[in-house]
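Asker: Protein sequence lines correspond, in order, to chains R and B. The first sequence: position 27 = 27 (my numbering), numbered continuously. The second sequence: position 20 = 20 (my numbering), numbered continuously.
Honestly, the hints are just simulated from the structure, not real lab data. Take the hints with a grain of salt, since some may be wrong.
Distance windows between CB atoms, simulated [said to hold, decoys possible]: (1) Gln108/B x Gly92/R: 40 to 48 Å; (2) Arg41/R x Gly72/B: 29 to 37 Å; (3) Pro108/R x Glu14/B: 41 to 49 Å; (4) Asn64/R x Ala20/B: 42 to 50 Å; (5) Glu14/B x Ser30/R: 42 to 50 Å; (6) Val73/B x Lys73/R: 36 to 44 Å; (7) Glu1/B x Ser107/R: 25 to 33 Å; (8) Lys71/B x Glu79/R: 20 to 28 Å; (9) Lys15/R x Gly72/B: 42 to 50 Å; (10) Lys71/B x His50/R: 43 to 51 Å; (11) Glu14/B x Gly16/R: 44 to 52 Å.
These figures come from a predicted structure and were not determined experimentally. Where a beta carbon is used, it is the ideal one built from N, C-alpha and C, also for glycine.
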Amino acid sequence: AQRVTQPEKLLSVFKGAPVELKCNYSYSGSPELFWYVQYSRQRLQLLLRHISRESIKGFTADLNKGETSFHLKKPFAQEEDSAMYYCALDTGFQKLVFGTGTRLLVSP
Amino acid sequence: EAEVAQSPRYKITEKSQAVAFWCDPISGHATLYWYRQILGQGPELLVQFQDESVVDDSQLPKDRFSAERLKGVDSTLKIQPAELGDSAMYLCASTLPDEKLFFGSGTQLSVL
């Protein structure tokens, strides 16, 4: 079965604290994974994709095939990082399966 | 930056009525998607188009939902008759091959 699991509905941290949003996937093929973000009153947008191996807004995510995980990390959270974060799996032909999302709340 | 346009932004209807949502993708984007997002969940794919052809509608409840993209540009998603459980955000997205998905602002449907 193709599935993306985000175990935390809400993650609340203080500004400057490290952040890790968890994502686990189930997929029989070679996975292509993404993190999408939705800021308040904005559209859902791509944050990063694992094949790019890039850091966006200080966030990174490493694909761990052994643990079937794609956790999103940032060493020092900022208030503007507060948003809804969705992990997504491409199941072929750019068809995405999304997790249920994690709300990140960064307090001053 | 070009955007995916959706209308209406909000729709309130009574159960058993018909509703329709419209999406205009970014110009040149051949692939168009309709997703449904129920409160507290992630987006779920309903239908995927490549130009005017349906690529995948396996998750579309075809007894009441229909989608079309007649000229391979804009698209309409229809529900008839609407049921209480259809209340959700309906998102449209478009993309180019091997590119990221661009999402619209969505249509928030409330069925009373």
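Asker: For each hint, tell me whether it holds in the structure or not.
Answerer: Against the structure, the hints:
Between Gln108/B and Gly92/R the Cβ separation comes to about 30 Å, which falls outside the hinted range of 40 to 48 Å. With their beta carbons about 31 Å apart, Arg41/R and Gly72/B fall inside the hinted range of 29 to 37 Å. One distance hint, 41 to 49 Å for the beta-carbon pair Pro108/R and Glu14/B, holds here, with the actual separation near 45 Å. As the Cβ distance of Asn64/R to Ala20/B is approximately 44 Å, the hint placing it in 42 to 50 Å holds.
Hint check: Glu14/B to Ser30/R, Cβ distance near 47 Å, so the stated range 42 to 50 Å holds. In this structure, Val73/B and Lys73/R meet the distance hint of 36 to 44 Å, their C-beta atoms being roughly 40 Å apart. Between Glu1/B and Ser107/R the Cβ separation comes to about 31 Å, which falls inside the hinted range of 25 to 33 Å. In this structure, Lys71/B and Glu79/R break the distance hint of 20 to 28 Å, their C-beta atoms being roughly 45 Å apart.
Against the hinted window of 42 to 50 Å, the Cβ-Cβ separation of Lys15/R and Gly72/B comes to about 47 Å, which satisfies the hint. The hint said 43 to 51 Å for the Cβ distance between Lys71/B and His50/R, and at roughly 35 Å that hint is violated. Distance hint check for Glu14/B and Gly16/R: the Cβ-Cβ separation is about 50 Å, which falls inside the suggested range of 44 to 52 Å.
When the structure is compared with the earlier hints, violations turn up for hints 1, 8, 10 and for no others.
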